[in-house]
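Asks: Chain residues, written in single-letter form:
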Amino acid sequence: KNEVEQSPQNLTAQEGEFITINCSYSVGISALHWLQQHPGGGIVSLFMLSSGKKKHGRLIATINIQEKHSSLHITASHPRDSAVYICAVLNDYKLSFGAGTTVTVRA
Amino acid sequence: KAGVTQTPRYLIKTRGQQVTLSCSPISGHRSVSWYQQTPGQGLQFLFEYFSETQRNKGNFPGRFSGRQFSNSRSEMNVSTLELGDSALYLCASSPGTEGYGYTFGSGTRLTVV
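Residue numbers (the numbering used here), protein chains in the order written: chain A, 48 to 154; chain B, 8 to 120.
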């Protein structure tokens, strides 16, 4: 069983819809990262969380350390949000990754 | 501020050969980590270096090795290449202390034929 589980695997939304991606992990961590990968491979770090909630523009990330669960929300989704979103947990300088969620936002 | 630079961007090698990939971190960053990404296995951690010391490594065979130089630049080497080593290899840099995020390079696309 993977240390990091993401759901859903794929998600299609209409422009303007609210999107939620979930991440559960089974190990102790020092931080959780949300990453975005566009076609072509480039990875951008969106958030690093060790507790609570962070917001950047239309993106919100939350983490519940006790429940070992994090969510990434995209409000008022836009076609440019179409990408793969990856959850990664950090433990002892090692990142472990979820399988990613492919998000497609239709105009 | 220059980003993380990986060279080369693309590489084609033959089975049995060896390859060396390079990663130059953001100026001032002392940690460099390496990852392999394949369609079947997703992203997997290879190793992490901080101030020329390997602090952790993933579950890869000994054919995969790395090192970090005093200027924080890092190289990874894969010897006796196999078809299954075809992948996107990514490196990321960070300051190296807790509380800081990662900046990823654009990757090296390795094809083994």
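Keep in mind the hints are simulated off the structure, nothing from the lab.
All C-beta atoms in this analysis are idealised placements derived from N, C-alpha and C, irrespective of residue type, glycine included.
Hints may contain errors.
When the alpha-carbon atoms are kept at most 27 Å apart in a straight line, the in silico BS3-like pairs for lysine-lysine are as follows [stated by the list, open to error]:
id, chain 1, residue 1, chain 2, residue 2
1, A, Lys115, B, Lys64
2, A, Lys115, A, Lys101
3, B, Lys20, B, Lys64
4, A, Lys141, B, Lys64
5, A, Lys115, A, Lys100
6, A, Lys102, A, Lys115
Take a look, some chain A residues computed to stay more than 12 Å from chain B by CB distance [stated by the list, open to error]:
id, residue
7, Asn49
8, Glu62
9, Asn138
10, Lys141
11, Leu142
Simulated DEER-style distance windows between Cβ atoms [unchecked claim]:
id, chain 1, residue 1, chain 2, residue 2, range
12, B, Arg62, A, His103, 46 to 52 Å
13, A, His85, B, Tyr107, 33 to 39 Å
14, B, Glu59, A, Thr59, 23 to 29 Å
15, B, Thr45, A, Ile107, 27 to 33 Å
16, A, Ser92, B, Arg62, 17 to 23 Å
17, B, Ser29, A, Gln61, 40 to 46 Å
18, A, Ser54, B, Asn78, 25 to 31 Å
19, A, Asn69, B, Gln61, 39 to 45 Å
20, B, Thr104, A, Ile112, 32 to 38 Å
21, A, Ser98, B, Ser93, 37 to 43 Å
22, B, Asn63, A, Gly99, 22 to 28 Å
Asks: For each hint, tell me whether it holds in the structure or not.
Replies: Hints versus structure:
no.: 1; hint: Lys115(A) x Lys64(B); in the structure: holds, 24 Å
no.: 2; hint: Lys115(A) x Lys101(A); in the structure: holds, 17 Å
no.: 3; hint: Lys20(B) x Lys64(B); in the structure: holds, 24 Å
no.: 4; hint: Lys141(A) x Lys64(B); in the structure: holds, 7 Å
no.: 5; hint: Lys115(A) x Lys100(A); in the structure: holds, 14 Å
no.: 6; hint: Lys102(A) x Lys115(A); in the structure: holds, 20 Å
no.: 7; hint: Asn49; in the structure: violated, 9 Å
no.: 8; hint: Glu62; in the structure: holds, 28 Å
no.: 9; hint: Asn138; in the structure: violated, 9 Å
no.: 10; hint: Lys141; in the structure: violated, 5 Å
no.: 11; hint: Leu142; in the structure: violated, 5 Å
no.: 12; hint: Arg62(B) x His103(A): 46 to 52 Å; in the structure: violated, 29 Å
no.: 13; hint: His85(A) x Tyr107(B): 33 to 39 Å; in the structure: violated, 23 Å
no.: 14; hint: Glu59(B) x Thr59(A): 23 to 29 Å; in the structure: violated, 46 Å
no.: 15; hint: Thr45(B) x Ile107(A): 27 to 33 Å; in the structure: holds, 31 Å
no.: 16; hint: Ser92(A) x Arg62(B): 17 to 23 Å; in the structure: holds, 19 Å
no.: 17; hint: Ser29(B) x Gln61(A): 40 to 46 Å; in the structure: holds, 43 Å
no.: 18; hint: Ser54(A) x Asn78(B): 25 to 31 Å; in the structure: violated, 42 Å
no.: 19; hint: Asn69(A) x Gln61(B): 39 to 45 Å; in the structure: violated, 33 Å
no.: 20; hint: Thr104(B) x Ile112(A): 32 to 38 Å; in the structure: violated, 20 Å
no.: 21; hint: Ser98(A) x Ser93(B): 37 to 43 Å; in the structure: holds, 39 Å
no.: 22; hint: Asn63(B) x Gly99(A): 22 to 28 Å; in the structure: holds, 27 Å
In summary, the numbered hints that this structure violates are 7, 9, 10, 11, 12, 13, 14, 18, 19, 20.
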